[in-house]
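**Q** Below, each chain spelled out in residue letters.
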Amino acid sequence: MEIRILLVDDEADFVETMAKRFRIRKITVAPAYSGVEALKLMDEQDFDVVILDVRMPGMDGLEVLRQIRLKRPLTEVIMLTGHASLDAGMQGMNLGAYDYVLKPADFDELLDKVRRAAERKALNVRAQAKG
Amino acid sequence: MSAPRPRASLPQSARLLFATATGARLGGERTLVLWLHFLLPPALAGLVVAATFASLPLAALLAMAALIMAACSARALIRRLSETEDARSSLNAQLIQSQKLAAIGELSAGIAHEINNPLAIIAQETEWASHLLSEAEKSNEADFAEVRDSLREIRSQVDRCKNITHKLLDFARKREPVLQDVDVARLVDDMARLVDKEASYKNVSLTRKLPEDLPTLRTDAPLLRQVVLNLMTNALQAVDRGGAITVTAEADDDSLTIHVADNGPGIAPENMDKIFNPFFTTKPPGQGTGLGLSLCHNLVSGMHGQISVASQPGQGATFTVRLPRKLGGGQA
Ligand SMILES: Nc1ncnc2c1ncn2[C@@H]1O[C@H](COP(=O)(O)OP(=O)(O)OP(=O)(O)O)[C@@H](O)[C@H]1O
Ligand SMILES: [Mg+2]
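In the order they appear, the protein sequences are chains A and B. The opening position of the first sequence corresponds to residue 1 in our numbering, with each subsequent residue numbered one higher. The opening position of the second sequence corresponds to residue 1001 in our numbering, with each subsequent residue numbered one higher.
The hints are simulated quantities; they were obtained by calculation from the structure and are not laboratory data. The beta-carbon is built from N, C-alpha and C at its ideal position, and this holds for glycine as well. Do not rely on the hints blindly, as some may be mistaken.
[What the hints assert, rightly or not] Looking from chain B toward chain A, a few residues come up when the C-beta cut is under 10 angstroms (computed):
(1) Lys1167
(2) Asp1170
(3) Arg1193
(4) Val1195
(5) Asp1220
(6) Pro1222
(7) Arg1225
(8) Asn1230
(9) Thr1233
(10) Gly1292
(11) Ser1294
[What the hints assert, rightly or not] Here are the simulated SDA-like pairs of lysine to any residue, each with C-alpha atoms no more than 20 angstroms apart in a straight line:
(12) B/Lys1162 / A/Arg69
(13) A/Lys130 / B/Val1178
(14) B/Lys1162 / A/Met90
(15) B/Lys1162 / A/Gln67
(16) A/Lys26 / A/Met90
(17) A/Lys71 / B/Asp1170
(18) A/Lys40 / A/Leu70
(19) A/Lys103 / B/Lys1197
Chain A extracted, bound-state conformation (with noise of 0.2 angstroms):
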């Protein structure tokens, strides 16, 4: 199955050396340095699954995950976070986060959700096709 990941973070470096890792494998990401850029991205494509900072500056990962959902409701979310803040974990897995992840994360760990998260967004489109 192929997946595309939308990598939303405003460290250069932390989005590019993923972006690598990602691509070994064969999964193509697009990268985006702020929420504002992540938001028109998905407006112009389709993305599987998103990997979101929760902390940026100006519009931070909670508001841009709210946007998400209203904007493209089957897309999963897995928020990525370097400060554990559990009252932003609890928000945004009641937002309908698909995951909440700590920062470092073992790369094979969060492949592995990514994997998982573009599952359950494949059931979810075919569900939808069959009413």
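Following the hints, complete the assembly by docking chain B with the ligands onto the known chain A.
**A** What follows is chain B with the ligands alone, placed relative to chain A:
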């Protein structure tokens, strides 16, 4: 043909006997009608037998009458039964409706209460800010710091309202579970990691007892994460510094069970059957909306499981989520 009219009422004891025998609670006249329905056809049948020996045509006539009586009484009985059935289901529908209305009433009162507090603060701060501004106009010497304070307070109260409405919207959202194979031990541990840091600030221990061979479960991963996270958050909020939380999971052939136990103050007996109600909270305003557990209840029911609580006041509380390992028909 109409049913024979009753002429006399039955003795009290017979009515009682009838009521006990049939479980019916009918008034005098109807009881008699029913008695006649039951007794007349066999009585006529008896006459038929007797008449057979006397005159055959009379016997045939009586037999015909007996058959017609029996058919009529059967029809009347069926009609009566279906009437009762209809009445019962309409009563049920009414009951459900009134329960729903009561729940909506309670919910609206909760919302109104939750939103009114921040609104009152917003109103007060707005008045104070405009007072400060008019003072500044008069004296040409502005104290903008205080105005800014007011604005900040207003902003934070608006956020509080926003938080409540978001929670409500989330609460009302219908979630159809999406089933995947879920490594529950992993899932629980992942959520515990989110709680770890805040637990260590509070010097609270968060112990996991997750067997290595815990089977995977076909369930909805993000919904289960929400449930586990809510229960652990409640536990962390309940315990004092130095408290202990233990998360356990186990499975048998039928179900997989998760326990979240803490050694906090526990739940007062009079609150035990309220804690799953929306907006029930014992936390100070602004700190708890009282939606966490009712959301958990909704989510777990949606997953065809059960959530329950055991608590001895002073000795902590244990929340238990039991999820079926085999889902019955109709599941994708
Ligand atoms: N582990 C626990 N120990 C003692 N009391 C608890 C525990 N968990 C829940 N409660 C009681 O149940 C109430 C309702 O819990 P619930 O999670 O629904 O709402 P809340 O935590 O008060 O607010 P919210 O979850 O919306 O932030 C709590 O206010 C508390 O009184
Ligand atoms: Mg709670």
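**Q** Against this structure, judge whether each hint is valid.
**A** We went through each hint and held it up to the structure:
1. Lys1167: 7 angstroms, holds
2. Asp1170: 5 angstroms, holds
3. Arg1193: Interface hint status for arginine 1193 of chain B: holds (6 angstroms vs cutoff 10 angstroms).
4. Val1195: Nearest chain A Cβ about 6 angstroms off; hint holds.
5. Asp1220: 9 angstroms, holds
6. Pro1222: Cβ of proline 1222 of chain B sits 5 angstroms from chain A, so the hint holds.
7. Arg1225: Since chain A brings a Cβ to about 6 angstroms from arginine 1225 of chain B, closer than 10 angstroms, the hint holds.
8. Asn1230: 7 angstroms, holds
9. Thr1233: 6 angstroms, holds
10. Gly1292: 8 angstroms, holds
11. Ser1294: Constraint on serine 1294 of chain B not satisfied, violated at 13 angstroms.
12. B/Lys1162 / A/Arg69: It holds: about 17 angstroms lies between the C-alpha atoms, which stays within 20 angstroms.
13. A/Lys130 / B/Val1178: Cα-Cα ~14 angstroms, so holds.
14. B/Lys1162 / A/Met90: Between lysine 1162 of chain B and methionine 90 of chain A the Cα gap is close to 15 angstroms, so the pair holds against 20 angstroms.
15. B/Lys1162 / A/Gln67: 15 angstroms, holds
16. A/Lys26 / A/Met90: 33 angstroms, violated
17. A/Lys71 / B/Asp1170: Given that 20 angstroms is the threshold and the Cα spacing comes to 16 angstroms, the pair holds.
18. A/Lys40 / A/Leu70: Measuring from Cα to Cα gives roughly 14 angstroms; hence the hint holds.
19. A/Lys103 / B/Lys1197: 13 angstroms, holds
Going down the numbered hints, you'll see the structure goes against 11, 16, while the others check out.
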